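**Student:** Protein chains in written order, with my numbering: chain A, 1 to 184; chain B, 1 to 386.
You may find that some hints are simply not true.
What the hints assert, rightly or not - Chain A side only, calculated, beta carbon under 7 Å to chain B, not exhaustive:
| hint | residue |
| --- | --- |
| 1 | Leu-81 |
| 2 | Ile-88 |
| 3 | Ala-91 |
| 4 | Asn-92 |
| 5 | Asp-98 |
| 6 | Ser-99 |
| 7 | Glu-179 |
| 8 | Val-180 |
| 9 | Tyr-183 |
No wet-lab data here; the hints were simulated from the structure.
Everything numeric in this text was worked out from a predicted model, so none of it was measured.
Each residue gets a CB set at the ideal place from its N, CA and C atoms; glycine is no exception.
Here are the chains, one letter per residue:
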Amino acid sequence: MLLDTKELLPQHLQKIYQMILRGEFINENSSKKGNNEIYEAIVSKELEVREYFKAIGYILFKREGYFYFAHDDAPNTSGSLERIVDYIEIANFLKMLDSNFGVGYRFRLDSVENLLNNNIELQEIVLKMKGLHANTNREYIEKLIDKLRKDGFVEETNATHSEYVVLNSYDYIESFLNEVEIYE
Amino acid sequence: MALNKSIVDIIQVQNSCKSLIQELYNYETRPNDTMRESYQNAKIDDAIHLDILEYDNIDDELSLSPDTEEYYKTRLGENNDTTISSIDEQLLKLKNELNYYNKRITAKESTDKEIRIISKILNKLPTLLRYNLYAITSNSIFAFKNEPNFEIKMDKLEISKAEIKQLIEASINIDKFLKEQQSFFKVMNNHRINFLILKINKNSLELESSFMMLYEDIKRFINKSVKDGKFIKKLQKLRELKQQHQLFEKTDIKEQFYKKNLIIDSVRERKLYPTDRLFDYIDTIEEIIKHRKVELEDTKVESDLSYDIDEVIKIEKVLYNYPKLHNEFLFQDDDLATFLLKSSVDKSKLLGVFIRLVKNYFLKYEIETKSFVTIDKRKYVIVRGL
Numbered sequence: 001m002l003l004d005t006k007e008l009l010p011q012h013l014q015k016i017y018q019m020i021l022r023g024e025f026i027n028e029n030s031s032k033k034g035n036n037e038i039y040e041a042i043v044s045k046e047l048e049v050r051e052y053f054k055a056i057g058y059i060l061f062k063r064e065g066y067f068y069f070a071h072d073d074a075p076n077t078s079g080s081l082e083r084i085v086d087y088i089e090i091a092n093f094l095k096m097l098d099s100n101f102g103v104g105y106r107f108r109l110d111s112v113e114n115l116l117n118n119n120i121e122l123q124e125i126v127l128k129m130k131g132l133h134a135n136t137n138r139e140y141i142e143k144l145i146d147k148l149r150k151d152g153f154v155e156e157t158n159a160t161h162s163e164y165v166v167l168n169s170y171d172y173i174e175s176f177l178n179e180v181e182i183y184e
Numbered sequence: 001m002a003l004n005k006s007i008v009d010i011i012q013v014q015n016s017c018k019s020l021i022q023e024l025y026n027y028e029t030r031p032n033d034t035m036r037e038s039y040q041n042a043k044i045d046d047a048i049h050l051d052i053l054e055y056d057n058i059d060d061e062l063s064l065s066p067d068t069e070e071y072y073k074t075r076l077g078e079n080n081d082t083t084i085s086s087i088d089e090q091l092l093k094l095k096n097e098l099n100y101y102n103k104r105i106t107a108k109e110s111t112d113k114e115i116r117i118i119s120k121i122l123n124k125l126p127t128l129l130r131y132n133l134y135a136i137t138s139n140s141i142f143a144f145k146n147e148p149n150f151e152i153k154m155d156k157l158e159i160s161k162a163e164i165k166q167l168i169e170a171s172i173n174i175d176k177f178l179k180e181q182q183s184f185f186k187v188m189n190n191h192r193i194n195f196l197i198l199k200i201n202k203n204s205l206e207l208e209s210s211f212m213m214l215y216e217d218i219k220r221f222i223n224k225s226v227k228d229g230k231f232i233k234k235l236q237k238l239r240e241l242k243q244q245h246q247l248f249e250k251t252d253i254k255e256q257f258y259k260k261n262l263i264i265d266s267v268r269e270r271k272l273y274p275t276d277r278l279f280d281y282i283d284t285i286e287e288i289i290k291h292r293k294v295e296l297e298d299t300k301v302e303s304d305l306s307y308d309i310d311e312v313i314k315i316e317k318v319l320y321n322y323p324k325l326h327n328e329f330l331f332q333d334d335d336l337a338t339f340l341l342k343s344s345v346d347k348s349k350l351l352g353v354f355i356r357l358v359k360n361y362f363l364k365y366e367i368e369t370k371s372f373v374t375i376d377k378r379k380y381v382i383v384r385g386l
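Just chain B, same shape as in the assembly (with noise of 0.2 Å):
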């Protein structure tokens, strides 16, 4: 029977076999007749047809078609498989758009279904850079802390040193074409499209202290892993000389077994053992992290496009965690604009955030009417938590 494929027709099938989706989710495969049984009322032939499930007719079982697995780990936050080279194909999308942008203009064509497309383009950027930090970072931390093969650890941990390059290079190139692009956009002045790309710009920003904590993590990882490595090469030459009845004649292991209240009279800091390798790797990630300083410090530079202003302080807002700066607040003696103050909060925008934290909370918070706090030559009321 020949499907009309619409996107309705994939909800209903979708909607019709959830139950079964989730078991297949969990269990990766399973028996063909006892899912039948199971699921009665599941479109299972119309799923298979539509790429939602597959059938393996040898075992005579079934699975989530690997589009569907991919959608649903992602949704839910455990697709750990890193798409770095889909940035790039972006942006050679973005490339080839503008260009059609640009061919219409000149044609006197409408332009309204290339706008639809680059402003979805700069809208995704953002998010797959961050799904890819995402996947590195779990990658990398799955890899150190659970792996019991040294081999194996240091073979992902160097897939993620990769990865996190790649990552970088592929955040900069981002920044870099728009920085190029600037006064291409400033002529085509879509406030939409002006929007998404000081979201990047400020995205960029965040990145930045993400990449930072990833590099260090990392570079932890790696020292510990190749320190542990030194380690276990060392235990295995001493267990060979041991075996062949040489570990007095070739070691220091009496002498040291003897003087050891010396060595050992004071706690000695924790030795790091980094390698030639280790060093490399190092060096290259604090190339690329300067070049990229370099870069984010370009894109700080005010921007001459215009914005819509309520989009931009819908930006504004998302950079402030309120209940993370309210819940903090609680937790301490200052009051409201004193911590505000020597909390990360810029200063410009001070004033702002203590308007807002009030309104959001003045419940719970005790406000002295009469006692003000200067800053910066305003005065502030004295709001305390209750």
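Chain A on its own, in the form it takes in the complex (with noise of 0.2 Å):
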């Protein structure tokens, strides 16, 4: 097929490749510069993305409002596999912490902090996690929206006040955890 890129804006490959090489998310609730533009153009575009990465090897995946790349020929690697293990205990967590987490919640790190703290079970929890150590609830939440954040899940739309939105890539996380089959 040949490809038509003169329709694509040459800013956009560009910060598109950028975000493929940080493995990173392009959320359509982003509110970050620049990321919900990203989106809207690959939106507009998508065959010719699809196929102008394809030829460099990366394939792009489109999901409910948010859209992700992968390397065609390169093996998932155990690291990564561990990484989205990892996420067995956060989302449980999250979820325990309050059934409402998933896609568009929005809250505050005070709320959630607070939820914590009213939440006995979920602090023996916590003491058995592995990978984020803290000494109080606080410093604890602070880390594992930290990490959310890192890893492309969250965003914090207010410093002032620490208020954050959970981004529709967090679907990744739900959708995969949810494929899951448990042999019985």
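Each chain sits in its own coordinate frame; assemble them with the hints.
**Tutor:** Here's what the structure looks like:
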């Protein structure tokens, strides 16, 4: 297939490529400067973007409200598997903290901390969780949210009040874990 | 000191305490000493005596009496307590009053008192239905959106489910009772009462769509919550297997991980996961709604009660929200008659609604006196928004 990349803006292609290299999700509900613009650019030229990046070894995946890329020939590493396995405990913790936690959920650090302070069962779970060691509930919540932010699943919407929103890409984690079959 | 309880006394005491009532409404309880010092003109002891306020002598605190709190909550639209049983109580009272009316007629005595009570009850019934509907809506939405604990959320939604079922039944009972008593009301031939019955019938039709909307919302809430519940259970099981180092052995997580490209190649519809419990619920509600539709169809049949035409016009008037229609008209391109034809306005009322809108808002309309649009063989002058 002949690629007509004239219709794609070069700056979009450059940004998309940078996002691929960083392994980032492209979210529709992100308010970060430029992210929504890239999402819209891909939506309007999805076929072209897909073909363009396929030629250089990346596959574009589309989900509800977000895109992401994967390398077409590189096998998934055990490190990546471990990363998603870690999310079993994180997703479980967040759902137990507030069963409403999911895509589009808005929260403040204070309110999440309060929920943890009032839940003895969850405080015990936190103590047994690997990877995120903290001395206080507040510190634990801060580290957890920071991990979610770095992995591209939440975004800060108000720095003054430490307010966050769960991005559409969090659906990737929930859908993946929902797909896993447990042998009885 | 013995108080002579009269409505004037109660109002005076309440007025003297209005700032205190406001503070107690916001804070639930406040220290007795501080309040007496802050509100020296308030007749606090009289208010306690009249059950407007309550005094807790153990904590030395003041609070609103449950009656006062309920009164203000209801007036402010913040009362989320459902009182569905009171609808049945009112219906029973209505039955008794009709009985007394009958006895007085037979004894050739005055029926003024009974008529007044019957009117009062008939007037109160739609309000009670509506308050309860608001309360159930508010409770179910709050449980769904704000309740973090899954078990409590499901319990609360179950309660809402039971309550809407009760409310629909109560509404059906009212319709049924009024239909059964149709011939009685006909003989009674009281225009005020006939008007109130007509109002209830019209309200039933409005409530029908509200019931359906609430039913759809709760169905969605439960579907979503059941899906969340299944996911929470799955996460807990996966976590357990992970802790027992059996995750890779007892699940296909590895396979899923390596072949995920195939699975997530395209956008999938979000699935709902109904359970047997959910089916039970939906079937019951659907049965009730079906039954209610039949009942309502019956009430749509032309009534042979006689009405005061002015009272009927009053009801017809409130059926259309003219400011809303006017605003909607301004934000579209059709002329007024075509717009009304396309909107939800009853075709037979089109001319009346057209005239009323032009009369009310002619300053904001441009009327093309020489152009017409014909609807149902009737010519309507072209009217557009300025």
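**Student:** Evaluate each hint against the coordinates.
**Tutor:** Hints and how they fare:
Satisfaction of the interface hint for Leu-81 (chain A) is found here, the shortest Cβ-Cβ separation to chain B being roughly 5 Å, below the 7 Å cut-off. Hint on Ile-88 (chain A) holds. Least Cβ distance to chain B is approximately 5 Å, under the 7 Å limit. Taken as an interface hint, Ala-91 (chain A) checks out: its beta carbon lies about 6 Å from the nearest beta carbon of chain B, inside 7 Å. Taking 7 Å as the C-beta cut-off, the interface hint given for Asn-92 (chain A) holds, the closest approach to chain B being about 4 Å.
Here the hint on Asp-98 (chain A) is kept, as its CB sits about 4 Å from the closest CB of chain B, short of 7 Å. Annotation: Ser-99 (chain A) was flagged as interfacial toward chain B, and the flag holds, the nearest CB pair being 4 Å apart, inside 7 Å. The restraint placing Glu-179 (chain A) at the interface with chain B holds, with a minimum CB-CB distance near 5 Å, inside the 7 Å limit. Because the closest C-beta pair between Val-180 (chain A) and chain B is about 5 Å apart, less than 7 Å, the hint holds.
Below 7 Å, beta-carbon pairs count as interface contacts, and Tyr-183 (chain A) has one with chain B at about 5 Å; its hint therefore holds.
Comparing the model with each earlier hint shows no violations; every hint is respected.
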